[in-house]
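K.L.:
Chain residues, written in single-letter form:
Protein chains: 2
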Amino acid sequence: MKSLGVLGGMGPAATLDFLARLQAATPATRDQDHIRVLVDINPHIPDRNTDSAAAGPVLGKMAAGLAGAGAEVLAIACNTAHAYADLIREASGLPLIDMIDIACEAASDVGARRVGVLGTPTAVALYSARLAGLGLEPVVLDEAHQARFMELVYRIKAGDLGQDVRDGMAGLAAGMDAEALIAGCTEVPLVLDPAALSIPLLDAGALLAARCVAVCSQ
Amino acid sequence: MKSLGVLGGMGPAATLDFLARLQAATPATRDQDHIRVLVDINPHIPDRNTDSAAAGPVLGKMAAGLAGAGAEVLAIACNTAHAYADLIREASGLPLIDMIDIACEAASDVGARRVGVLGTPTAVALYSARLAGLGLEPVVLDEAHQARFMELVYRIKAGDLGQDVRDGMAGLAAGMDAEALIAGCTEVPLVLDPAALSIPLLDAGALLAARCVAVCSQ
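Chains as they are written, first to last, in the numbering used here: chain A, 1458 to 1675; chain B, 1458 to 1675.
For the record, the hints were derived by calculation from the structure and aren't laboratory data.
Please read all numbers here as calculations on a predicted model, not as lab measurements.
Check the hints yourself; a few may be wrong.
To be verified - Think about it this way: if two alpha-carbon atoms lie no more than 20 angstroms apart in a straight line, the pair counts; the simulated SDA-like pairs of lysine to any residue are:
1) B:Lys1518 to A:Val1530
2) A:Lys1459 to B:His1501
3) A:Lys1518 to B:Gly1527
4) A:Lys1459 to B:Val1515
5) A:Lys1459 to B:Pro1503
6) B:Lys1459 to A:His1501
7) A:Lys1518 to B:Ala1524
8) B:Lys1518 to A:His1501
9) A:Lys1518 to B:Gly1525
10) A:Lys1518 to B:Glu1529
11) B:Lys1518 to A:Asp1488
12) A:Lys1518 to B:Met1458
13) B:Lys1518 to A:Met1458
14) A:Lys1518 to B:Val1515
15) B:Lys1459 to A:Leu1658
16) B:Lys1518 to A:Gly1527
17) A:Lys1518 to B:Lys1459
18) B:Lys1518 to A:Ala1524
19) A:Lys1518 to B:Ser1460
20) B:Lys1518 to A:Glu1529
Please take these sequences and the hints and turn them into a complete structure.
P.N.:
So this is what it looks like as structure tokens:
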């Protein structure tokens, strides 16, 4: 077994959702069957969307702190923060299980060629490059709809999981001409019901949780 | 603001419940309003009930690791592990917000004189001494009912939150001749509905979460 370090807090509710997915993905009949998880839920990381230069050093320090506390493998419970993946690997000296890679591979596995991505502008850029590298075609929101998406994300972060937010997210998802959709922001699955979509929804956070349990249980 | 370190994993589900309570107790409209929480969810701590000598050094190392990662104040999301409170303070050099103290003070605040405690044998012993120190009378289960309680706790840790477990816990609670009842094991509130009791239920974990937010928000 390996101890997993999780960089979280972006936002805090999404981190708890990720931790719950880790536990749900673990076949356990007693405490000792679970993997050890060290988590830094740090909501004071400078906003990855509005102050990206300041976020890097903070994430690097968090990663090094988790390594010092006993983490042997790292994961980031935030798609956007994967822009700092190399910096985090370097600061910690630990391997990082990359959520963007895992979600893109899953899109390829379901046989989709045109793959929609719901995420922050930074996450969408990361996904677009990675999908293209696999020979898949990224489908993204236009500028106006992307702005609407960010408005919904900030409402979810403020604790609003109401019907209006759910309808708004479902409307954005339905408008994408794609064969599969990546929920590329940890706030998305908090309000988007896969059953409401006509195409497969690939929940990057859930896929990452399952991979983390598989890697760390060995 | 202060960063909170949480020693968890005893069991893992109870730790997530505690983290959710921390977030719920925080008045927040955006990520940055939340306190930073460093958590070590370590389900591999030797069983506090069956191998108490081995658990201490592991908890001390976890506490020191959290301090090194940036925690400034500690809390333990497990009543039983408070048997190691002094060792944890010493190993980390940090103040510890003591859940046993907080729950006993709450019992005094509600005006109860006879105070029931549902917990592991170690936790019951800690609570009994602390309540007596406040001039209150601890009410505990007899040996047979205590054994039944532990059977229920291990079933909850294995993920069984079913009606049979709920009925069993409610039955134990109802049989205690007390004026208030301390849920002195983090598994108890996962299955015991306060509305089913005729006396106040003091949820030690919830009280600890509220105190942690108050202390760390300053």
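K.L.:
So, for every hint listed, does it hold in this structure?
P.N.:
Hints, verified against the model:
{"no.": "1", "hint": "B:Lys1518 to A:Val1530", "verdict": "19 angstroms, holds"}
{"no.": "2", "hint": "A:Lys1459 to B:His1501", "verdict": "11 angstroms, holds"}
{"no.": "3", "hint": "A:Lys1518 to B:Gly1527", "verdict": "10 angstroms, holds"}
{"no.": "4", "hint": "A:Lys1459 to B:Val1515", "verdict": "16 angstroms, holds"}
{"no.": "5", "hint": "A:Lys1459 to B:Pro1503", "verdict": "17 angstroms, holds"}
{"no.": "6", "hint": "B:Lys1459 to A:His1501", "verdict": "11 angstroms, holds"}
{"no.": "7", "hint": "A:Lys1518 to B:Ala1524", "verdict": "14 angstroms, holds"}
{"no.": "8", "hint": "B:Lys1518 to A:His1501", "verdict": "26 angstroms, violated"}
{"no.": "9", "hint": "A:Lys1518 to B:Gly1525", "verdict": "11 angstroms, holds"}
{"no.": "10", "hint": "A:Lys1518 to B:Glu1529", "verdict": "16 angstroms, holds"}
{"no.": "11", "hint": "B:Lys1518 to A:Asp1488", "verdict": "19 angstroms, holds"}
{"no.": "12", "hint": "A:Lys1518 to B:Met1458", "verdict": "18 angstroms, holds"}
{"no.": "13", "hint": "B:Lys1518 to A:Met1458", "verdict": "18 angstroms, holds"}
{"no.": "14", "hint": "A:Lys1518 to B:Val1515", "verdict": "24 angstroms, violated"}
{"no.": "15", "hint": "B:Lys1459 to A:Leu1658", "verdict": "39 angstroms, violated"}
{"no.": "16", "hint": "B:Lys1518 to A:Gly1527", "verdict": "10 angstroms, holds"}
{"no.": "17", "hint": "A:Lys1518 to B:Lys1459", "verdict": "17 angstroms, holds"}
{"no.": "18", "hint": "B:Lys1518 to A:Ala1524", "verdict": "14 angstroms, holds"}
{"no.": "19", "hint": "A:Lys1518 to B:Ser1460", "verdict": "14 angstroms, holds"}
{"no.": "20", "hint": "B:Lys1518 to A:Glu1529", "verdict": "16 angstroms, holds"}
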